[in-house]
Amino acid sequence: MADTIIHAYYDDDDVLMHAVKRVKAKKLHIEEVYCPFPVHGLDKAMGLEPTRIAITSFMYGCLGLTVAIVMMKFIMIDDWPMDIGGKPSFSYIENMPAFVPVMFELTVFFAAHLMVITFYLRSRLWPFKEAENPDPRTTDDHFIMEIEVHNNEDELKDLLLDTGAVELNIIKNNH
Amino acid sequence: MASHYEAPIRKPLVLGDKGYHEVSVDIAAPVEGRANKMWWIVFSIALAAFLWGVGAIIYTVSTGIGTWGLNKTVNWAWDITNFVWWVGIGHAGTLISAVLLLFRQKWRMAINRSAEAMTIFSVIQAVLFPIIHMGRPWLAYWVVPIPNQFGSLWVNFNSPLLWDVFAISTYLSVSLVFWWTGLLPDFGMLRDRAVKPFQKKIYGLLSFGWTGRAKDWQRFEEVSLVLAGLATPLVLSVHTIVSFDFATSVIPGWHTTIFPPYFVAGAIFSGFAMVQTLLIIMRKVSHLEDYITVQHIELMNIVIMITGSIVGCAYITELFIAWYSGVEYEQYAFLNRATGPYWWAYLLMMTCNVVSPQVMWFKKIRTSIVISFIISIVVNIGMWFERFVIIVTSLHRDYLPSSWTMFSPTFVDIGIFIGTIGFFFVLFLLYSRTFPVIAQAEVKSILKSSGDRYKKLRDAGQPLYTIKKNGIVRETVLGEESTAATPVKSSTGLIKALGSFDKETQEVDDLKKVKGIGPLMEKTLNGLGIYSFLQLSKLTKTEYDLLDSITEAFPGRAQRDDWAGQAKLLLNNKN
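Just so you know, the sequences run in chain order E and D. When you read off a place in the first sequence, starting at 1, and then add 86, the result is the number in my numbering. When you read off a place in the second sequence, starting at 1, and then add 31, the result is the number in my numbering.
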């Protein structure tokens, strides 16, 4: 952590977006932006990579489908084939149509739950986790842009005030 | 750049002069305020009904399924009727939150949270019925394919009843995580607004430490979109599979290929009616008329009208196909439904489900809150009777006329059904007092495009925002105690209550001995004229509040740490 960081508070998403663009235009790195609601286009403006969570969901779905196929093949065909209503389980392919609903459900089950678990772990969300937003107003109506200072404190201050920050908090770390 | 443009012809979805902060205040108000008398009355009634249901369930489980009105001809009646009814009601929640999200319908945002809550609570009611019907509910886990001590005894994957187990459990659990993920930012808002430590702790726990970084929001939106994409086919599959319980059988009246789409349409129909019932009450009780507007009610009425018409088409198609099939048994099953001893149930179903929603063609009617409320109740009654008609009238006159009979429910059947309605309302009423009932983060994201304040600004040709260049600058130093002097405000009122202190004659106590008072706070207190334990011990609620308003340091902290009590103890030890 740098010795000094600046928290610039904004009270409007449009003002924030203009500010982010101006800061990026100066080739400065934005550490973080805390928002009370999703601001569309902010991730691109900040230069964040697109999220890959949808891809993980697809892979989890494939896993769920595989689990369903293997499980039902083992249970209904290999381990204990039964003759139900005059329809014996001789081969997987003949019985497969009856397995489609469960295949679908397990695909969705795996894709949804494992994706959400991945999201919670990656974004560090779980019960008893302490919130890390620097100011309680960031869940209400304020946005905070966090920038590290590297010997350019005054220049940054002027820039951020000029972009319409309603408040600047200069945090000095003396540890 | 986020564009907030919306065609001027669109009516505002958030009424009143509201900015982001006003939204937080309005949504948090029902949670932070106290329950009124009406809430307690309704809650007590619901709780009483629930307890009656619990009694009926205990009686069923301890005595046996024989306590129900089933007989050897009608061997499946209210239990499955209620199951299908509750599952169907649940479907609207997912439809609103998932399908309307995929279609980017902004009006969903005021109602999706409550609709999803309704989904979860009603699916819980639905699940109760098959579990009770098992007779030995503690063995319910036998429906799960787990290796067991009975040799290679597995569940039967050819059975639609087992498909139901998978469908309903996937549906319930996926709906729950979808709902909870959406709730995290709103719990975060309540957490950051909470003043009392208990509430702060609880909402902190529920919010999973939601922080709202840009990356979190990016993932949050992607997860919501993918979950909506998964939940949409899921919700269609659930009622499809529920309809398979009947459609895959060979009973005339059940053996029908139209069942899956017909059941899904019926589910959405009844679910929207239940959402309408709940929200018309909730918007009034929780003062959310600015968010759940007449426009929302009108749009839901249109959905009710369309799905009601689809259901009507299905009823008529069913009749036609029964005649057209040329199968005598099939023809008789439907003739018996309409003209047999259960004609009244059939008529009720037709009137409530097909005729009553047609009044919604008139704008005056579909924008009337009273009529909407009445129709929503009528539709729910009608949809219960639809399931009753399908199930009981197909069974009560079977292939053997000597065993033809009627079904009459016992008080236990009725008790369990009323009990689930009570349980549902208990859950919903608790939810409406403790949860953010509107997805406030989402509402804030559409406020500039669809909020009344911003629409007016846009119409007037004024900018939606201004860049002010007079921000304030402050400094925070981490890692060492700040030595800045705390400004002393007027403290005469406080000193009057606590008694003054004369440094010359009295002994100065070490206030730092009180837990919660550090060197800085001691300095502040001294600045106010508080030097002794005796003074601290006189703190009561009024003085604490006064103290908080003067120091502005940690609101509620002094009272929470019970400075007065601690000071009294220290005082006693000293003497």
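Certain hints may be false.
Unchecked claim - Pairs of lysine-lysine residues, derived as DSSO-like cross-links and limited to a Cα-Cα distance of at most 30 Å, are as follows:
| no. | chain 1 | residue 1 | chain 2 | residue 2 |
| --- | --- | --- | --- | --- |
| 1 | D | 599 | E | 113 |
| 2 | E | 243 | D | 246 |
| 3 | E | 215 | D | 231 |
| 4 | E | 159 | E | 173 |
| 5 | E | 112 | D | 231 |
| 6 | D | 137 | E | 173 |
Unchecked claim - Far from chain E by the CB rule (all over 10 Å, computed), these chain D residues:
| no. | residue |
| --- | --- |
| 7 | 170 |
| 8 | 256 |
| 9 | 393 |
| 10 | 487 |
No lab work stands behind these hints: they were computed from the structure. We put the CB at the ideal spot given by N, CA and C, even for glycine.
For a quick check of understanding: which of the numbered hints are violated here, in increasing order?
Hints 1, 5, 6, 8 not satisfied by this model.
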